Amino acid sequence: MADLHFLANPARFRRFSQRVLPGLTFATVLGFAVGLYLALLQSPPDYQQGETVRIMFVHVPSAWLSMAGYALLAALGASLLVWRHPLAALMARAAAPVGACFALVCLATGSLWGRPMWGAYWVWDARLTSMLLLFFLYLGHIALSRAYDDPDRGDRAAAILALVGVINLPIIKFSVDWWNTLHQPASLMRLDAPAIHPAILMPLLWMAGSFLLLFILLVLVRTETEIDRRRLEIADQNA
Amino acid sequence: MTGFLALLSRDLRLVWRRPGDVAVVLAFFVVATVLFPLGIGPQANILARIAAGVLWCTALFASMLSLDRLFAADYEDGSLDLLLLAPWPLELAALAKCAAHWIVTGLPLAALAPLLGVAFGLPPDALMALAATLLIGTPTLSLIGGLAASLTLGARRGGALLALLALPLCVPTLIFGAAAIETLMTGEDLLAHIAILAALALVALATTPWAMAAALRQAGE
Amino acid sequence: MTGFLALLSRDLRLVWRRPGDVAVVLAFFVVATVLFPLGIGPQANILARIAAGVLWCTALFASMLSLDRLFAADYEDGSLDLLLLAPWPLELAALAKCAAHWIVTGLPLAALAPLLGVAFGLPPDALMALAATLLIGTPTLSLIGGLAASLTLGARRGGALLALLALPLCVPTLIFGAAAIETLMTGEDLLAHIAILAALALVALATTPWAMAAALRQAGE
Amino acid sequence: MAPPLLDVPLLNVADLACRRGGRPVFDRLSFALGAGELLALTGRNGSGKTTLLRALVLLVRPQAGTIVWQGSNVQDDPETWRGQLAWLGHLDGLKGDLTVRENLLGAERLRGRPAADDRLDLALVAFDLNALAHRAVRTLSAGQRRRTALARVMLTQAPVWLLDEPLNALDSAAQQAFRSVLQQHLAHGGLAIAATHADLGVPNARTLELTA
Amino acid sequence: MAPPLLDVPLLNVADLACRRGGRPVFDRLSFALGAGELLALTGRNGSGKTTLLRALVLLVRPQAGTIVWQGSNVQDDPETWRGQLAWLGHLDGLKGDLTVRENLLGAERLRGRPAADDRLDLALVAFDLNALAHRAVRTLSAGQRRRTALARVMLTQAPVWLLDEPLNALDSAAQQAFRSVLQQHLAHGGLAIAATHADLGVPNARTLELTA
Ligand code: HEM
Ligand SMILES: Nc1ncnc2c1ncn2[C@@H]1O[C@H](COP(=O)(O)OP(=O)(O)OP(=O)(O)O)[C@@H](O)[C@H]1O
Ligand SMILES: Nc1ncnc2c1ncn2[C@@H]1O[C@H](COP(=O)(O)OP(=O)(O)OP(=O)(O)O)[C@@H](O)[C@H]1O
Ligand SMILES: [Mg+2]
Ligand SMILES: [Mg+2]
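Residue numbers (numbering that gives the first Met the number 0), protein chains in the order written: chain W, 0 to 238; chain Y, 0 to 220; chain E, 0 to 220; chain V, 0 to 211; chain G, 0 to 211.
If we strip away everything but chain W, and leave its shape as in the complex, we get (with noise of 0.2 Å):
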């Protein structure tokens, strides 16, 4: 016998996701559209960077978004712990991969544009370290929740995991900066913002905006395969 109090939440979940991911779709198919041809076409090359400059449309929408993911887990983890959501459970183990996907884009794309600005695939600059220490937190919540044999053991404990990493990361990254500021490597160029024309902010919303779009429509469409498992799981051990 399936497990009915279990899956009515994800049950009503089902229904919501279905109603939305066709429009989700779209959109997202729609901005990156847009959002490309903003950023590869419209916007001028950078007269110090020159065409490279044009990762940057894909390296700090995913720089911001592994970040917001990792606020999302800490959401999730507390309504987990203290409202026992079962969904929250699902979707955080849906979220956590896409998280560490986006770290890891920032980090291949900051590399591949650390060769031509830096001479180097890797310098040790203080938001590049913090960015990988995020990544790290990322791997431990996917390790820690898969780690047991029973799920709902490994949710938990991931779940108390990301809300004690949600509490250090402000404390990581100050750390990190003063870190680096203390060894000031004084030959490299620091990665400082620059001063962001309109030329680029415009394309660079429109693709920051569209990589929140697909982390959702991401996001969605993994806790249903997770919602899936799990259901198909019970059968599994009913049977």
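Honestly, I wouldn't trust all of these hints.
Stretch by stretch, here's where chain W covers chain Y in the computed footprint (C-beta under 8 Å, at least three residues) [stated by the list, open to error]:
no.: 1; stretch: 16 to 24
no.: 2; stretch: 107 to 116
no.: 3; stretch: 124 to 132
no.: 4; stretch: 203 to 211
Beyond 12 Å from chain W on every Cβ pair, some chain E residues (computed) [unchecked claim]:
no.: 5; residue: 10
no.: 6; residue: 11
no.: 7; residue: 12
no.: 8; residue: 41
no.: 9; residue: 77
no.: 10; residue: 124
no.: 11; residue: 187
no.: 12; residue: 191
no.: 13; residue: 193
no.: 14; residue: 195
no.: 15; residue: 200
no.: 16; residue: 201
no.: 17; residue: 210
no.: 18; residue: 212
I should point out that these hints are in silico values taken from the structure, not numbers from a laboratory.
Predicted, not measured: the structure shown is a model, and the values here were computed from it.
A virtual CB, placed ideally from N, CA and C, is assigned to each residue, including glycine.
With the hints as your guide, set chains Y, E, V and G with the ligands onto chain W.
What follows is chains Y, E, V and G with the ligands alone, placed relative to chain W:
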């Protein structure tokens, strides 16, 4: 409070019966640290420059190494049930276990580090600073590691997973601990660093016991 | 020999079913390595100097973390008795466990290390040398770590002392491994170092299985 | 411990339901237990005896149902409830590196109070552990360990005993010793719930048979 | 396995003496066992049943005495002797992370031979483990684990079974299942030595009572 002291003294007594576990951890600390001068060669200036960082990193590893079994032994022989059923807050029990861990690893590590610092050619005031920062920083490592140990209780691949969870969270302590020794060369204020380390320890003390207790209750299921 | 392969394949299949377990060890290796720049500072020239030492040290640590429970789990759940009673030499069983451990940690560590070397700014030929030395040196770590694990099993003070002695046995491997990368800068012969590492591995292979078997038999009493 | 009200059940369990690993183990389980009563849990392997015991002490979160002790729901104040409990699980919960005496004293101190020496001696005598008091538990035989764990239960003086297969590994003399300790506990107005496959030898014990 | 010589004892134990932790446990213990015979070891907790079993399989080094199997001293050729043994200790010796099936198959391969599927199925059926075959052992109840360990013993087809309290944690149905498996083993000319506090239900079993 009686419960806290009882648990603390029981754990210390257990270690006393089995000193090898602590000895292996300290040996790891020494071996890993000695590796650097041997690998890098005897340039005194480079060695002194990296000494604090190396000692802090290896101390961090050493304390992770022994945290693996912090709750696992109790879990496997059924004593964790007794802790969970004790009529006083589980938060205190978690704290007592971390305190015992600190006494048998953090404390000897802090005592041993200046000795190793000599091998790196650190000046006397740096040796003092090293011991002081380790003394104040290692409780944070024990607490964060204890949290990771409680979260991974009953999970597969305990040890490595534990370290993967704990190490990123230990970064602030590591940075300020290692940097404190450099202040002696740059002429900055050592006390400010020690104050930050103490603040980090207090934050850990205020937050991790709750999380540990929550994680341990999960494990009892 | 069937028993050897059975034990090896059981341990490997267990891992294969859960590739996440290996991933965790590797992730831990990466995290631990990244901590050193945070402790020491980001100066590229210094980092390149200590890269080999750092990577060898974290490789040792990764081995230790996962070896800790190599036999202890079997001891505590009673499976060690079954191994002791299997109708084929216990030396082979010990070897099989170490081999499985090396395949799932040493091998991937050696493969991953060059990637991390890039972040430390190592030149391409140093990256190759790093992978080669780790490939040849990590079996020794698995064997000696396995010996320490078997000695501390059920151990009283004597076993602890022996384990303490076993750990420094890793020192030659670490030194020659870490120094091998330096030869590229000093123009010395890399192959000589690799030959020494291989010799150390053979010595470990020839001696540790007997010692492990003896220690395990003790533990079974 | 409050004066036992002999006519009112002290422990009231209503409609308890538990799941393990996604499967329901039992459902709508109800019973009440008064002072001096023993409830023997029986049933096939895997029928849920251990799960029920763990749910009663809140080690396993029940899916539904209430556990009421002396009129108040134990989930509202778990700490007080824990103070009333003595627990013996499948595992003995002893530290192999400590002696029998140290284990017993340590367990009492963990419950927040030091054990008086005379009570300790009583428990040691009851389970014939005197000769072993200073031996490390790791060097004891299986039955000697189980006896130590039972002595720990006796030492708590808690009104509610929850025991998972207490007779495991005991020889007949030790089984007899346990029976008389248990009867004494009941005679003093204590409660006990024990999962067992054998007869506990208490004349008017109540039985709850779980079905898988 | 050699054809059983029904009239000559297959296993001859003479003058065995053992010490644990500096104390003598038993001294000058002798017995002989022929094909199809069961020896039940009884005695108080700590009387040395487990020690004797472990000494017979050479896990504990005997202080004195000889163990002779089919005419040759087992200490001269421990490996052959181990090939004849099936062992069940106080602990189940199962891996919690593996399923019941994987545990059984793995144990057989550790003995140096792969188990045929039909024999595995037989053992699973005998101990009513079919429904649990693909569950991780860590999620089983105590009795379900013990049944798995017993199925492992049955699977070995070894002529000599050494069992330490085999009935521990078993419900009555499982005890019955064990009894019939044991009788089958004996009927096929096997030997068994079992430490126990309960009756094993084998009609003409011999008993050796150890005294502490
Ligand atoms: C692996 C390498 C890199 C990583 C991990 C990385 C990480 C980040 C992160 C986390 C942000 C978001 C910061 C925020 O919004 O507060 C960011 C923004 C940015 N990055 Fe990178 N970065 C890398 C390489 C580079 C390179 C090589 C450049 C080009 C010189 C670059 C240029 C920028 C720019 C222009 C921004 C936007 C600045 C802002 O919004 O404040 N990044 N990067
Ligand atoms: N940790 C767990 N995860 C999943 N399922 C479990 C877990 N523990 C027990 N179970 C299952 O729950 C059911 C009840 O187990 P429980 O241990 O309560 O049985 P029991 O009545 O105590 O049996 P026994 O007589 O063998 O001790 C069994 O089917 C068991 O397989
Ligand atoms: N590892 C050990 N070190 C020292 N003494 C031991 C050890 N194991 C057992 N003993 C002692 O040896 C004696 C025999 O123990 P053994 O385990 O053989 O008893 P047993 O007959 O199996 O008892 P039980 O019925 O409780 O299982 C006991 O007095 C015990 O205390
Ligand atoms: Mg049970
Ligand atoms: Mg015994």
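Quick rundown of the hints versus the structure:
| no. | hint | verdict |
| --- | --- | --- |
| 1 | 16 to 24 | violated (count 0) |
| 2 | 107 to 116 | violated (count 0) |
| 3 | 124 to 132 | violated (count 0) |
| 4 | 203 to 211 | holds (count 3) |
| 5 | 10 | 18 Å, holds |
| 6 | 11 | 19 Å, holds |
| 7 | 12 | 17 Å, holds |
| 8 | 41 | 3 Å, violated |
| 9 | 77 | 20 Å, holds |
| 10 | 124 | 17 Å, holds |
| 11 | 187 | 27 Å, holds |
| 12 | 191 | 31 Å, holds |
| 13 | 193 | 27 Å, holds |
| 14 | 195 | 32 Å, holds |
| 15 | 200 | 31 Å, holds |
| 16 | 201 | 36 Å, holds |
| 17 | 210 | 33 Å, holds |
| 18 | 212 | 32 Å, holds |
In this structure, the hints that do not hold are numbers 1, 2, 3, 8, in rising order.
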